[in-house]
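Asker: For reference, the chains in residue letters:
2 protein chains.
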Amino acid sequence: MGGSTGYAIGIDVGGTSIKLGLVCCDEWNITARTVIHGKDYETPDAFLTSIPAAIEKVCAEAHVRREQVLGIGIGLPGCVDSLRGIVKDITNLPNWRGEFTIKKALESLLGIPTYIDNDVNLMSIAELVRGAGNGCRNMLCVTLGTGVGGAIIIDGKLYRGSTLSAGEIGHITLFKDGEPCNCGNWGCLERYVGNAAIVNRTVRAISESSLKKDILMKSIHNDLSRLTPKIICGAAYDGDELSQHIWEETGSYIGIVFAAMVNVLNPDKIVVGGGVAQCGNMLFKAIRKTINERAMPVPAERVELVPAVLGADAGIYGSAIYSVKTEFHEEIG
Amino acid sequence: MGGSTGYAIGIDVGGTSIKLGLVCCDEWNITARTVIHGKDYETPDAFLTSIPAAIEKVCAEAHVRREQVLGIGIGLPGCVDSLRGIVKDITNLPNWRGEFTIKKALESLLGIPTYIDNDVNLMSIAELVRGAGNGCRNMLCVTLGTGVGGAIIIDGKLYRGSTLSAGEIGHITLFKDGEPCNCGNWGCLERYVGNAAIVNRTVRAISESSLKKDILMKSIHNDLSRLTPKIICGAAYDGDELSQHIWEETGSYIGIVFAAMVNVLNPDKIVVGGGVAQCGNMLFKAIRKTINERAMPVPAERVELVPAVLGADAGIYGSAIYSVKTEFHEEIG
Numbered sequence: 001m002g003g004s005t006g007y008a009i010g011i012d013v014g015g016t017s018i019k020l021g022l023v024c025c026d027e028w029n030i031t032a033r034t035v036i037h038g039k040d041y042e043t044p045d046a047f048l049t050s051i052p053a054a055i056e057k058v059c060a061e062a063h064v065r066r067e068q069v070l071g072i073g074i075g076l077p078g079c080v081d082s083l084r085g086i087v088k089d090i091t092n093l094p095n096w097r098g099e100f101t102i103k104k105a106l107e108s109l110l111g112i113p114t115y116i117d118n119d120v121n122l123m124s125i126a127e128l129v130r131g132a133g134n135g136c137r138n139m140l141c142v143t144l145g146t147g148v149g150g151a152i153i154i155d156g157k158l159y160r161g162s163t164l165s166a167g168e169i170g171h172i173t174l175f176k177d178g179e180p181c182n183c184g185n186w187g188c189l190e191r192y193v194g195n196a197a198i199v200n201r202t203v204r205a206i207s208e209s210s211l212k213k214d215i216l217m218k219s220i221h222n223d224l225s226r227l228t229p230k231i232i233c234g235a236a237y238d239g240d241e242l243s244q245h246i247w248e249e250t251g252s253y254i255g256i257v258f259a260a261m262v263n264v265l266n267p268d269k270i271v272v273g274g275g276v277a278q279c280g281n282m283l284f285k286a287i288r289k290t291i292n293e294r295a296m297p298v299p300a301e302r303v304e305l306v307p308a309v310l311g312a313d314a315g316i317y318g319s320a321i322y323s324v325k326t327e328f329h330e331e332i333g
Numbered sequence: 001m002g003g004s005t006g007y008a009i010g011i012d013v014g015g016t017s018i019k020l021g022l023v024c025c026d027e028w029n030i031t032a033r034t035v036i037h038g039k040d041y042e043t044p045d046a047f048l049t050s051i052p053a054a055i056e057k058v059c060a061e062a063h064v065r066r067e068q069v070l071g072i073g074i075g076l077p078g079c080v081d082s083l084r085g086i087v088k089d090i091t092n093l094p095n096w097r098g099e100f101t102i103k104k105a106l107e108s109l110l111g112i113p114t115y116i117d118n119d120v121n122l123m124s125i126a127e128l129v130r131g132a133g134n135g136c137r138n139m140l141c142v143t144l145g146t147g148v149g150g151a152i153i154i155d156g157k158l159y160r161g162s163t164l165s166a167g168e169i170g171h172i173t174l175f176k177d178g179e180p181c182n183c184g185n186w187g188c189l190e191r192y193v194g195n196a197a198i199v200n201r202t203v204r205a206i207s208e209s210s211l212k213k214d215i216l217m218k219s220i221h222n223d224l225s226r227l228t229p230k231i232i233c234g235a236a237y238d239g240d241e242l243s244q245h246i247w248e249e250t251g252s253y254i255g256i257v258f259a260a261m262v263n264v265l266n267p268d269k270i271v272v273g274g275g276v277a278q279c280g281n282m283l284f285k286a287i288r289k290t291i292n293e294r295a296m297p298v299p300a301e302r303v304e305l306v307p308a309v310l311g312a313d314a315g316i317y318g319s320a321i322y323s324v325k326t327e328f329h330e331e332i333g
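Protein chains in written order, with this note's numbering: chain E, 1 to 333; chain R, 1 to 333.
Everything labelled a hint here was simulated from the structure, so no lab data went into it. Mixed in with the good hints there might be a few duds.
If several chains are the same, the list does not tell them apart, and a pair holds so long as it fits within one copy or across any two.
Said to hold, decoys possible - Simulated crosslink set (BS3-like; lysine-lysine; CA at most 30 Å straight-line): (1) Lys-88 with Lys-289; (2) Lys-176 with Lys-104; (3) Lys-285 with Lys-176; (4) Lys-39 with Lys-57; (5) Lys-19 with Lys-230; (6) Lys-88 with Lys-104; (7) Lys-289 with Lys-176; (8) Lys-19 with Lys-88; (9) Lys-104 with Lys-157; (10) Lys-104 with Lys-325; (11) Lys-325 with Lys-157; (12) Lys-230 with Lys-176; (13) Lys-39 with Lys-88; (14) Lys-285 with Lys-230; (15) Lys-57 with Lys-289.
No experiment lies behind these values; they were computed from the predicted model shown.
Please put together the full structure from these sequences, using the hints given.
Answerer: Okay, structure coming up:
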């Protein structure tokens, strides 16, 4: 290592651990990495102690000098002001409440330009630059998991919107008079295709549907509390009819909202990641079918629906890339 | 006039007439204007004869020299390839079928740079530059009439999408198992709030609803064939309960889709024009109520919902501005 190569630090803050990587700016590969455990960042002070030490560690391991580190990027699972570099609220880090001026604090500690954003925005940057969205001009990036998140790439740049909150596709109304959602709306997409919703729909179908469900019931030993999207997915691939129905329905729900996004955003690609997306082809086929049935023909034909490829490292890549590629930095409008 | 002031020609092609204006580039005001009637442009050849003559006429009237005309913009109510300047299909001009290379043809006739786009895109440019959207960075522009059209301004520029078809909000699914639409989907917004749909919903409500409808029935002399959105609107303002209900319902349907757009696009403003928007405050209040109820709080608080202000001249302004302001010209991606 060494020489004049530039590096960036990517920091992916999760609810229970932080993944930190030293990323080489030539090829955007992770050169060294470490993990910081929950108790070492449960307060902003602890975070500001742990991060410099972890950066020291990965640089030493890779024989990279501090001057070669051109930027630090931080992805956070919550509400952040990316423009001013302030963390507003991270549900899973209650001790961070209040306005944590994370950018300023780290910059004065380390003297390295620091940028923050939410995790879905950074995943979209990672997939755009070195993942499934490579070469795209216009792209929608979606995570399907506990919630449904989205980020929009327009003309090769992250589009954040007028209050930095663009891309919230999870709270689009799917059913006008549907179930109430935490966001205050009813019938949001997330209420039907989030992790918990998939399980709940399956529980209901088990008691109401006449479709065959032996494979599924065997795999959970008849114990409904064992149901997870992963198990329902496994049963579907093993031929369980009820489970297959659940995924077709899930795909059709997601497809209705994706078709709307195809009509409105007319993207080259929709990149889909997150735990629920692990269901793979069965889910993607159902989404694709609905897009083809419902979206306008020309944009529907153009759009590619592809799985995200960077998995658990998307956060490290995205935050590192974001910290040094200025086209992703927002301007005050 | 005369001197060194620059001018642009704005051409708004409608189904039954063309409005053409000479627009001053300093203040974007219409200096002179003329109308071309249907038979004088029913074929591409007729169009290519009429337009140069009309330009000659407005320039002469305003004492503007040909060299002062810096650009020609043309707005068309249908499917156009704005990138290559080709008209693909205009439903109301059947003799234009085939690929009419309108940009090339006019440029070689007149030697003036010529640009084309669809009418909703050009309306959005007009409202952005000298209308209700002035000063916006991110904006959604919507026309409510026979159909429901949309155009998106991102970062002060028209966003056209990867196949130049972005902004099609009229064919977003409102009701999953709703009425079939010409576009191939079912339950599209347009099937519930387009002109014909508003009338149909009113006819149904007249036979099914117990709301008071005397004022409405009197205004159509009990003849349902006289129903139009305008009449239903007049009755609503006169206190007719059934008509008021129709507009509240119309606003809630539009509001569901606007709330989705607020979540995804996070715009500064939504500018709404077209015949149905003439219903004014009663409709706007119902839309606003639904946005507030359904969209995420931060982007909902930011977005302003405002009526378009340029009315029937939006097409002339938009096409003229488009022809000379390069930030609105698309690039090959």
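Asker: Which numbered hints are broken by the structure, listed smallest first?
Answerer: 2 and 15
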